[in-house]
Amino acid sequence: MAKATIGTETGAALPASGANRFQGAAGLSSIVLPLGLAFVVLAAWQLYVTIWQVPSVILPSPVSIAKYIVARYDILLTHAVPTTLESAAGFLLALLLGVALAILITYSDMAREALYPNLIFFQLIPKIALAPLFIIWLGVGSQSRIAFSVFIAFFPVVIATTAGFLSVDRGILRLCRALTATEWQVFTSVRFPMALPHIFSGMKIAITLAIIGVIIGEFITAQAGLGYLIIFATARADTEVSMAAIVVLCICGLLLYGLVALAEMVANRFYSADSR
Amino acid sequence: MLSLAPKAELTVDETPLVSATDVQKTYFTRQSPIHAVASASVDVARGEFVSLLGPSGCGKSTLLMMIAGLERPTAGTIMLAGEPVAAPRRDIGIIFQDATLLPWKSTLENVLFPIRILRLPVTQYIDRAHSLLKMVGLAGFEHKKPGELSGGMRQRVAICRALIHDPEILLMDEPFSALDAITRDQMNVALSEILETYRKTVIFVTHSIREAAFLSDRVVVMGGRPSTIILDMKMPFSRPRRFEIEETQEFAQVCRTLRLTIEAAHGHGEASARSEHAKANTAAGSVIE
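These protein sequence lines map, in sequence, to chains F and R. With the first letter of the first sequence counted as 1, position 243 gets the number 242 in numbering that gives the first Met the number 0; the numbers rise by one all the way through. With the first letter of the second sequence counted as 1, position 249 gets the number 248 in numbering that gives the first Met the number 0; the numbers rise by one all the way through.
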């Protein structure tokens with residue numbers, strides 16, 4: 000029945016398989032080059048400190064910072080835990096709040112008109128200036144740091160998610176309507192998957208902002224946490240400790256960012272436009 | 000339920016399945032109302048293939064969207080299987096100019112999309128999805144994603160998707176106008192082959208005279224300002240239809256009649272400038288852009 004006239008345009012579709020090898024080579028240099036550069040910078044730093052005998056209060060050498068981290072990892076870890084947990088909590092709440100607001104903005108014209116200008120205005124406030132107020136409102140415990148972290152991290156989630164929800168092809172929406180799809184079906188099977196790449200790009204910005212929020216909170220008031228350790232050590236001119244805390248903070252940040260990236264990879268298995 | 004009956008008989012039931020009576024559509028804008036369809040009455044019998052033909056902006060797509068229940072007529076009634084159309088219905092399959100596939104879903108999953116939306120048992124339709132894809136020459140492409148398919152292949156997936164839940168009526172809104180001419184010709188033959196197997200009532204919107212004449216049992220020409228139905232013409236060609244009919248004198252004659260009707264309704268501005276060229280091309284079938 001189906002004859003040659005139907006035409007199987009097989010050649011039109013498939014990407015050349017030779018591309019993989021090239022990607023492999025590019026992947027290698029994308030690891031070697033940044034690592035190499037970082038190593039060169041660290042080596043230069045070490046040399047500078049050694050040759051000019053810079054006092055450790057001004058600038059400790061990378062080797063001495065590393066030694067301190069290895070020797071006192073227990074203290075650093077004690078302080079890393081609350082910072083990481085509070086950042087994660089702030090991020091998750093910002094994510095929930097951001098997606099909820101985006102749904103509201105997408106589905107309600109009134110909410111959109113009322114919220115959107117205010118959100119933009121909100122974004123213009125230098126939000127860090129408000130951090131002390133959160134301490135007044137919510138006390139010196141975790142809750143004020145988490146709240147502040149949510150406060151500065153939710154905005155990119157709202158903007159990116161809303162853009163994602165509204166980016167859906169009108170033709171697909173019309174098809175759904177023609178198929179008598181419910182609003183819930185449209186949301187779960189079209190809008191949400193369509194918005195996922197946008198949501199993840201919002202999340203990647205939000206996770207770094209969430210950490211910043213917690214650190215600022217710890218700068219102002221805390222009894223533990225890497226932000227607290229940095230302020231405490233700096234006040235005692237213990238630059239080595241302060242630097243070690245910053246290194247650990249970077250590792251925690253990478254870890255949290257890595258979790259978001261991992262979640263994105265998992266989502267991509269199901270929602271990517273490319274075949275795996 | 001899932002009839003895969005080979006070659007249904009070609010007789011046409013006389014009671015109209017779709018019946019539009021004095022349908023009118025006016026869009027009220029801030030400036031002045033726009034009369035998309037001034038008045039249109041058309042009946043489509045069960046199993047019939049009817050094309051709505053006309054230049055851009057003649058309201059043919061609007062009429063189709065009203066039949067689909069996606070737009071409400073300003074006046075007049077549209078009956079479908081004896082019931083007035085007030086909203087989209089489950090027994091309609093629809094195909095748009097763009098394939099509108101979900102980019103992250105495989106070909107097979109895209110074909111099964113209506114089954115999931117209509118909450119039908121998916122497992123019962125997988126075989127049907129496979130045989131539809133085979134029919135349109137996409138066997139082996141079940142697990143490719145839309146991004147890996149060509150435009151013509153994507154539109155074939157859309158055809159399978161429209162047929163998966165075995166709707167009574169197939170509504171097609173300029174389905175091949177985004178394709179190149181060669182692919183479009185292939186798709187026309189493919190579509191008539193598909194319909195020999197899966198017999199459906201089809202309403203097909205197009206601005207290609209040749210395409211309308213080749214595919215249809217009847218061609219309804221819309222045009223004029225404000226837009227109405229200006230010609231309702233039975234196509235005299237037998238089925239099954241293959242390319243050869245386009246080379247006949249009869250086919251050229253039909254295309255010429257359709258073209259002159261459209262030109263007459265739209266004055267002599269753009270149309271007459273092209274008519275010399277069009278006459279020369281009549282044998283091959285001219286296309287009103």
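Hints are computed from structural coordinates only; laboratory data are not their basis. Nothing here was measured: the structure is a model prediction, and the numbers come from that model. Incorrect hints may appear among the rest.
Stated by the list, open to error - Only part of the chain F face toward chain R is listed, based on derived beta-carbon distances under 7 Å:
#1 PRO131
#2 VAL167
#3 ILE171
#4 THR179
#5 PRO192
#6 PRO196
#7 SER271
#8 ALA272
Note that the Cβ used here is the ideal one computed from N, Cα and C, for glycine as well.
These are the hints, each one checked on the structure:
The beta carbon of F/PRO131 comes no nearer than 45 Å to any beta carbon in chain R, farther than 7 Å, and the hint placing it at the interface is violated. Nearest Cβ of chain R to the Cβ of F/VAL167: about 10 Å, over the 7 Å cut. The hint is violated. About 5 Å separates the beta-carbon of F/ILE171 from the nearest beta-carbon of chain R, less than 7 Å, and the hint is met. Because the smallest distance between the Cβ of F/THR179 and any Cβ of chain R comes to about 5 Å, under 7 Å, the interface hint for this residue holds.
Evaluation of the F/PRO192 hint against chain R yields a held restraint, the C-beta minimum of about 6 Å falling below 7 Å. This hint is violated: F/PRO196 has a C-beta 10 Å from the nearest C-beta of chain R, more than the 7 Å allowed. Hint status for F/SER271: holds, given a least beta-carbon distance of 6 Å to chain R, under 7 Å. Taking 7 Å as the C-beta cut-off, the interface hint given for F/ALA272 holds, the closest approach to chain R being about 4 Å.
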